Amino acid sequence: MSELLSNLLQDARIWQGHKHRKTNQSAELTGYPALDNQLGGLGWPRGALSECLLDTCGIGELHLVLPLMQRVTAAGKTIFWLNPPHTPYAPALTREGVNLDHLVMVNTRDQGDFLWTMENCLRSPVTGLVLAWPGKLASRDVRRLQLASEAGGNVCVLFRNRRFTEQNSPAALRLELIPGEYQELKVNVLKRRGSWPGQRCSIALEHRANIPPEDSPRVVQGPWPRAGN
Amino acid sequence: MLWLYLHFPNLLLDHIRRSQDAIGALAIVDSAGQGVVQACPTARDLGISPGMRLKTALGLAPDINIMRADTNQEAWLLENQARWLYHYAAHITLAPPDGLWAEVSSLQKLYGGLPAIWQTVEQALTERQLTAWVAIGHTPMAARLLAHTGKGECKADKGHILTALGNLPLLAAGFDKKSCTRLQRLGLNTLGEVFALPTAELARRLSPELLVIVQKIQGTRADPKAPWQPPHTFRQRADFIQEVEYSQGLMFSLRRILAELEEDLCWRQQDTDTLLLALQHRHEEPTRLRIRTTGPEHRAEVFQKLIQLKLDKQPLRAPVIGLVLAVKRFTGREAPGGQDLLGENQDLNEAWHTLISRLQARLGEQALKQLAPRDDHRPECAWSASEVQKSSKRQASTSAQLPHRPLWLLKGPRPLPQTPVAWHSGPERISGGWWDGQRVHRDYYIAQLPGGELAWVFRDVHDGWFIHGWFG
Chain A
21 MSELLSNLLQ DARIWQGHKH RKTNQSAELT GYPALDNQLG GLGWPRGALS ECLLDTCGIG
81 ELHLVLPLMQ RVTAAGKTIF WLNPPHTPYA PALTREGVNL DHLVMVNTRD QGDFLWTMEN
141 CLRSPVTGLV LAWPGKLASR DVRRLQLASE AGGNVCVLFR NRRFTEQNSP AALRLELIPG
201 EYQELKVNVL KRRGSWPGQR CSIALEHRAN IPPEDSPRVV QGPWPRAGN
Chain B
23 MLWLYLHFPN LLLDHIRRSQ DAIGALAIVD SAGQGVVQAC PTARDLGISP GMRLKTALGL
83 APDINIMRAD TNQEAWLLEN QARWLYHYAA HITLAPPDGL WAEVSSLQKL YGGLPAIWQT
143 VEQALTERQL TAWVAIGHTP MAARLLAHTG KGECKADKGH ILTALGNLPL LAAGFDKKSC
203 TRLQRLGLNT LGEVFALPTA ELARRLSPEL LVIVQKIQGT RADPKAPWQP PHTFRQRADF
263 IQEVEYSQGL MFSLRRILAE LEEDLCWRQQ DTDTLLLALQ HRHEEPTRLR IRTTGPEHRA
323 EVFQKLIQLK LDKQPLRAPV IGLVLAVKRF TGREAPGGQD LLGENQDLNE AWHTLISRLQ
383 ARLGEQALKQ LAPRDDHRPE CAWSASEVQK SSKRQASTSA QLPHRPLWLL KGPRPLPQTP
443 VAWHSGPERI SGGWWDGQRV HRDYYIAQLP GGELAWVFRD VHDGWFIHGW FG
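Those sequence lines, one after another, are chains A and B.
Each number in our numbering comes from the position in the first sequence (counting from 1) with 20 added on.
Each number in our numbering comes from the position in the second sequence (counting from 1) with 22 added on.
Derived from the structure by calculation, the hints contain no laboratory data.
The structure presented is a predicted model; accordingly, all values stated were derived computationally and were not measured.
Hints are supplied without guarantee of correctness; some may be wrong.
[As the list claims (entries may be wrong)] Dumping the calculated DSSO-like pairs for lysine-lysine here, alpha-carbon to alpha-carbon at most 30 Å:
hint : chain 1 : residue 1 : chain 2 : residue 2
1    : A       : Lys97     : B       : Lys332
2    : B       : Lys238    : B       : Lys199
3    : B       : Lys335    : A       : Lys97
4    : A       : Lys97     : B       : Lys391
5    : B       : Lys412    : B       : Lys433
[Said to hold, decoys possible] If you want a taste of the chain B side facing chain A, the calculated C-beta under 8 Å gives, among others:
hint : residue
6    : Leu370
7    : Leu390
8    : Leu393
9    : Lys433
10   : Ser447
11   : Ile468
12   : Ala477
13   : Val483
Quick reminder that beta carbons are idealized off the backbone N, C-alpha and C, glycines included.
Produce the entire structure from the sequences given, and follow the hints as far as they go.
Right under this line is the structure:
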């Protein structure tokens, strides 16, 4: 086989539906063994976009990237948060062991600025991870970001609404996040490089709210009637 | 002692011609706007010469560019020349409006002789595209008189200098008009003939003041010159005779100014992180731009890229007639330290500063934030956002002492829309803020909403239910 062809196969840029083979694309472990297994033992791809599609905040989406955040800040690399929908809460991040000195929040006014900023962050060698909430993105723009990501070799996670699931996307990894009944997070792999999609797994994340796993509501049930009524 | 005198006959003209590359004939008129003071070579080819009336000049060349001389600007320009000359000589004195003295006898050893000094100065003048008449004299006055003739020579011999001075006509000697007339009536026409007069007679017949001048030229009377001190700021300006309408047109002169800034910073062994750029308009207030780098910087190309970004972002409000670039904050240049053998650290550090500066220049400084926890019990006060800074210090791990909190905090509490399906912990009472008027009195719960998300909700003292955060 020619060298060119074998390179293509090694880089997992060609699907080989019948064969499930380990590829040598570089990636960062997610920190959740159940998810890593579904992703061919690799995790978040480096130098490519990853998309998380979800309906609403607060289902554990940040906890999904938290192990990576901890590793990246410990290595002294910078994490950029682009247009986060709410304020990342500093005391909670500190508690989780994320070094805040390496976090930079960026808020952009329009889509042009957003893409420009994202490209610059992705191409820089100081970046370790880019978390972005882009809102509506044209397919052309995702392609542009994908190219910038390839140039920089960083991990980039886009958080987008689940209604974009149907939209075609050049991102290398697409995950659909659905909250479970017991605070776990159900992950559907919609697309990944080098293999068939369709893997599903469930990650227990009840520790994010300090809830004991047996889930016995030990709260005094509320709300209560107003005193005096 | 030996003095070098630089006479700048076309200071304003040179300044304007340096700011814009292609302009037609140009003349500088006096502050009253009546007569031509300086004329560029193109204008001189058209027949315009200094001393001509403006009306005549306009008759000869109707579309000539005219700039009015401004005393303040001339003083400032002269100081500017002193700044670069200070790189070569220590003892400099200004001779307003258009001259500079530099004491050179003490420099001969450093440069290896007078011709070397002369050559260095000539070269610096060529680099800066300046017209200057240079002369050397054994007294400040002598140097100045010789320079004004435009025939200065690089000779230190006192006898030679005195001969050259002796041949000067009386009118060139700088005496007042009355004395000049009286000397001419005596039959004296050159300075040499005045030198030959006995001093006592000169003082008695003419005036003691005249004697003082003559003695200062000859060097028999002390003529101390106070040394000039360079200011601790950098300020350069460019004036455009033709209005600039596009920011691209500004870059031509900015490039030159930034190169001068880099040279100045290298010479001072300092860095800066703030440039102030003022663009002057004809009928409006000047546009003031602040260009900041996140780290100390001295390279012209970095500044140029940042300014370009800033100008791309902010189109010109009105045509620009001049620009001023000022630097007031200087920081000492740090020796590269804490570098490993491969030098990787330094590169990353620099890349970080470059990236953040670029983002700040395009998005504005407010767009980038860094977070930090703060000691307060109220959730909305327990964090702070600050400008981005590179800090090398390791954060103390206080993670164990912090209470359990959600990763997302809403920008403000939002009314709870639905009844939660499950309650997980609580209540946690937070009460505080009586000391600064932002009273908080709430019971916090962790609750699961019907959509599956975990929310941090609270009931306030008025019995309202609100969401304050998400456990993302």
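Hint numbers contradicted by this structure: Result: hint 13 breaks, nothing else.
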